[in-house]
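Trainee: Please model the entire structure based on the sequences and the hints provided.
Taken in sequence, the protein lines are chains A and B. When we follow this note's numbering, the leftmost residue of the first sequence carries the number 1, and every step to the right adds one. When we follow this note's numbering, the leftmost residue of the second sequence carries the number 1, and every step to the right adds one.
Since the hints were made in silico from the structure, they are not lab data. Any given hint could be a false lead.
[To be verified] Pairs of lysine-lysine residues, derived as DSS-like cross-links and limited to a Cα-Cα distance of at most 30 Å, are as follows:
| hint | chain 1 | residue 1 | chain 2 | residue 2 |
| --- | --- | --- | --- | --- |
| 1 | B | K420 | B | K38 |
| 2 | B | K734 | A | K128 |
| 3 | A | K115 | B | K615 |
| 4 | B | K798 | A | K128 |
| 5 | B | K641 | A | K115 |
| 6 | B | K608 | A | K115 |
| 7 | B | K798 | A | K82 |
| 8 | B | K734 | A | K115 |
| 9 | A | K82 | B | K722 |
| 10 | B | K798 | A | K115 |
| 11 | B | K614 | A | K115 |
| 12 | B | K364 | A | K128 |
| 13 | A | K52 | B | K798 |
| 14 | A | K52 | B | K38 |
| 15 | A | K128 | B | K608 |
| 16 | B | K819 | A | K82 |
| 17 | A | K82 | B | K641 |
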Amino acid sequence: MEDRELITDIQKFAVNDGPGFRTNVYLKGCPLRCVWCHNPETILSNPEIYWKRRLCVQCGACLEVCPNDAINPPVDPALSQKEGSPYRKIIRSRCDLCMRCVDACRYDALEIAGKPMTVEEILEEVEKDRPFYENSGGGMTLSGGEPTAHLEFSDNLLSGARDRFIHTCLDTNGFCGWSVMERLISNVDIVLFDLKHLNSEKHRALTGVNNEIILKNLSLLTKVGTEIWVRIPVVPDFSDDIEYHRDVARFLVELPGKIARVDLLPFHNYCQHKYDWLGIDWIYSGVEAVEPAFLEIHAELYREKGLVATVGGSGFETNVMIAGEEAR
Amino acid sequence: MGEPAISIVEHEKRQEWWWAAEKKRSSRLDYLRKAIWKKGAIGGLYPQGLYVDLERPVLQTEKARELESSPDPYVIKFAKILAHVLDNKTIFITDHSQLVGYLGSLPNTITWDPTLAAVLNHEVVNDPTCIQEPLEESLKIISEVADYWAGKSDLDKIMPYLDLDDAMKVLSGAIGWGVPLSRGGYSGKDYEYIMTGVHAFEDIIEELDRRIDEADEKAHEPGASKEISDLYDKMNMWEAMKIALEAGIRYAKRYARLARIIAENYETDDERKEELLQIAEVCEHVPAKPPRTLQESLQYDLFIQLFSRNEAIEGAWPARPDYYHGPYYEKQVNVDKTLTKEEALDLAGEFLIRAAEVSQYKVKWAREGLQGIEGTWVWTLGGVKKDGSDACNGMTIALLQASRLVRVANPTFAFRWHPKVSDEVMREVFECIRQGLGYPSIRNDPVLIANAMNWHGHPIEEARTWAHQACMSPAPCTKHGFQPMRMANATVNCAKIIEYVFSSGFDNVVNMQIGAETPDAATFTEYNQVFDAWVTQMKTVFSILVRPVNRARILAPKMTPRPFLSAISERSIESGLDVCDPSISRGNAWITAFTWVENADSLAAIKKLVFDEKKYTMAELKEALANDWQGYEEMRLDFVKNAPKWGNDDDYVDTIMLDCLHEAAKFSRELKCPSGNSWPILPENVSGNIHYANIVGALPNGRRLGDALYDGGISPGPGLDKKGPTAVLKSCSKIDHISDGRAFLLNQRLSPTQLAGEKGYQLWKTYMKTWADLGLDHVQFNCVSDEILRNAQKDPEKYQEVIVRVAGYSAHFVDISRKTQDNIIQRTVQGLG
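Mentor: Below, the structure is given as structure tokens:
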């Protein structure tokens, strides 16, 4: 049987993840544990179950089929559908992900997060939006999770896209051996490189890993000459300080090679429901989203250093289009 | 003093477009915009303060009475009634205005034409919301007028000559709407003749005189033939045309006189005095003579539109204002420098306002169907000239800019996109969309020109002159190409086609046999049998609605002639035949297909769940539908969720859509209009999806009686396009927009945050380029407003496609927590998200 990896979403018409209109492919499984993670369903490398509060009518069909006693008995749906209700359908500690409950649900309230797909199946889906790529300079963005954690598959997917003359972006946290990165970038047009924090201790505190290997990879990448867009999540009380961004700007211009652009990505809490669907508590659930307009001041710091900088990472910023053309 | 004023920039940042426009526009436009009354009915009721104008019905009735004993032929009597109205109606000039003329006697009146249909007159009698005080007196007048026209109205005259069976089915309201009348519908016009600065009313009168003299001479030659006998009819027609034109000239001169009287006796402001004298000069010149300036050209156009609306009820306003007024704009603004851009902008804005205030009393179902607007007045901008070169000009830009300043809901614009449109014009178009006007809709010019040639055989030079005859439908503005009357009666509630497959043509909502008696669906054992029954029902329903129109078009020249419209149409001036006479028309008919996509989704669900997977039998499905899915909820959910839906780039259902369209297209060639041309279908909706909610029964796509239908054309069902906007365009691109139908409406939602700034324009422009490459013929954008998002909170199932887009993340709006949703709505309103 051909190799398959778990895909949580193939998102078309993505307009903030590389140039133009893109199709984002989200791989499941990531070595980092960023506490603010916006895509919690992509962290673990095994399939998981979403329980969608709003859609559950509490019919009890899942309870009947569960062999592990991992389902809570039905309650009044008016209560369980309420936002913030502590009621959860699945007892995670007892669940062995047999997925029988998902099959039993007639209301789409239970859903598997992570669908196994082959490279060919993914490419077929990506191929469908080709007319949009051609006019916009768009293409496929391989994201996650973490693509470098799925080397063979990612490499096959990226080279497969290349073979079809589809523009490729690799959205990575950079936490991998250089040989892995080196192999992948041979089929990548632009690397979207996530820079979570310059300070290794802080990095470890909120992502679970040190940053040395990440910074080293970034430095090496600039030497190779691959086009790099550095993406900086701006998280409250972690990476939103003005002085800190002054440091980052300096760091970036002192790298051995060129950074094509910097995207500041404001923290948001739109993903809160995904934590709820997975039955996980999120420490950021009460935290307000960062106002994009406020980050213009931060962006200026990068521009002063001669870097191209955006807030939000739109693939249609004109200066970016020009930068892209130069690179070609 | 008071609050500090908010700047225009700040208003724009907050997306308070109305407030920004108010500050940006000239004081004249501001005054004029506020001096008009909103005429569109809301929820079927006219806004407070409006009343039905009784002046015109009284004038029409008194003249008709007077002429009863006259020996005049009918067409001349009709023209004399029209002239009587124009000669005697109250006229007024709004302060600060530069263009004059209104349909009613006061700005807050809705005009009522009692000659069209007794049913309409009954509605006036029973409409307490808009009758002028003193009530008793008004009601007395209304009932006298209604009494007089009972049995004499156009519809009363035509009905007995239609197929009675068809007429009853049409009147049931189940399968269509509208009436087959030549004086109540959508008139195209021979703009290439009347609006190109060559012929004006006096020239035409001269030609008519010449033709009458010639005919008179010939008619007295010895011998008797049909040809000679026909000359007498022609002379009458020409005479009637003359009466209408002369009345038009006199009407304009009344305005000239009034303007002079005010200027010379009452006006104290010198500047305004000059303006009034200018109005007088303009009205002395047009419509008698061809216009010389932009103001004259607009005034001339406005007069023609008003005369046409004095002759008939016009539900549409076909126009190509930039193309026909552009030469005057270019000459005055760019060559002679006798008009500044700002002055031209004022005129363009006032022209929109003068159109926006026009109102004609309509029956309640029509008002409901139009939801807050007076009619479907879609003005065509852009496009190409006859030689294929770009037709955009300074007036295109002026009109687009003016629309953002006056922000009227009607007229709206549709823009004929083609590859040669300049970036400057594209930016103006985009700005209107970004600013939430909801228009222009975009039309793909090369595709629609090829389409006009393919379906109706219009030569390329003529096809290139096309304007929207109603909301969606292209029609050339040429001598033989323009269609004098689109009779709205050929509008099909297509969801009935699949409904009738399961009831063998019996309509359970109105309790009568309407469709064909196809075999019992419970006995079907193969998908092909279902599809065959569908084809039979489609042909039956189309025929029922087309037959009355074909018949009425043939009856119209004699029974319901249009002397004024004929008088501005070269083919009638030349032939002496009424403009509706099929022998002088190439034909440009179309069948408006409401609620079309339900058919493809229903057939796909049947094919997959009944025949591929064999989860249900046809008998079970028939039973479930007969019970309006009650007691079959799990099964219904299966049909909603586990069957492929149109708009997801899924070949399973997209192929079925094509099968349906191909069958309809084949039949369109068999159905002939009286000019011998075909009847292609045109899927679109207006507000039919809501109007028909209680008329269409349960459907195999999981819809229940009473649920709203899909919102239009080939747009996917709300919330069913789960793969986003690119997949929608891909599905639609499988349709050949040249040969599968006459045009296809597509609604798309865009979020204001995506459209903000330069990147927003770049995104949109690239999107449009891809849309064009894919060969679609139409798209219109709704900005995702706070209102849409609020609705999505209330009714998540219908808004599943609304996506929140941020880097590295995507989710559907409806899934997001309530608090965050509220936060996003706040950002959407403020445009900061």
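Trainee: A separate judgement is required for each hint: does it hold in the structure or not?
Mentor: Tested hints:
As the CA atoms of K420/B and K38/B are separated by approximately 37 Å, the hinted pair breaks the 30 Å bound. Only pairs whose Cα atoms come within 30 Å are accepted, and K734/B paired with K128/A is accepted, the gap being roughly 12 Å. The suggested pairing of K115/A with K615/B holds, with an alpha-carbon distance near 25 Å, which does not exceed 30 Å. Simply put, K798/B and K128/A have alpha-carbon atoms about 25 Å apart, close enough for the 30 Å limit, and the pair holds.
As the CA atoms of K641/B and K115/A are separated by approximately 18 Å, the hinted pair is consistent with the 30 Å bound. Between K608/B and K115/A, the direct Cα distance comes to roughly 23 Å. Compliance with the 30 Å bound is thereby established for this hinted pair. Using a Cα cut-off of 30 Å, the hinted pair K798/B and K82/A holds, with the two alpha carbons roughly 20 Å apart. A distance of roughly 28 Å separates the Cα atoms of K734/B and K115/A; the hinted pair therefore holds under the 30 Å criterion.
For the hint linking K82/A to K722/B, the alpha-carbon distance of about 25 Å falls within 30 Å, and the restraint holds. For the proposed pair K798/B and K115/A, the alpha carbon gap of about 25 Å is at most 30 Å, so the pair holds. A threshold of 30 Å between alpha carbons decides the hint, and for K614/B with K115/A the separation of about 26 Å falls inside it, so the pair holds. A hinted pair counts as satisfied when its Cα atoms are at most 30 Å apart, and K364/B with K128/A does not qualify at roughly 46 Å.
For the hint pairing K52/A with K798/B, the CA-to-CA distance comes to about 17 Å; that is within 30 Å, so the pair holds. At roughly 46 Å between alpha-carbon atoms, K52/A and K38/B are farther apart than 30 Å, so this suggested pair is violated. Between K128/A and K608/B, the direct Cα distance comes to roughly 23 Å. Compliance with the 30 Å bound is thereby established for this hinted pair. As the CA atoms of K819/B and K82/A are separated by approximately 12 Å, the hinted pair is consistent with the 30 Å bound.
Restraint check for K82/A and K641/B: the C-alpha separation of about 24 Å stays at or below 30 Å, so the hint holds.
Checked against the numbered hints given earlier, the structure breaks hints 1, 12, 14 and satisfies all the rest.
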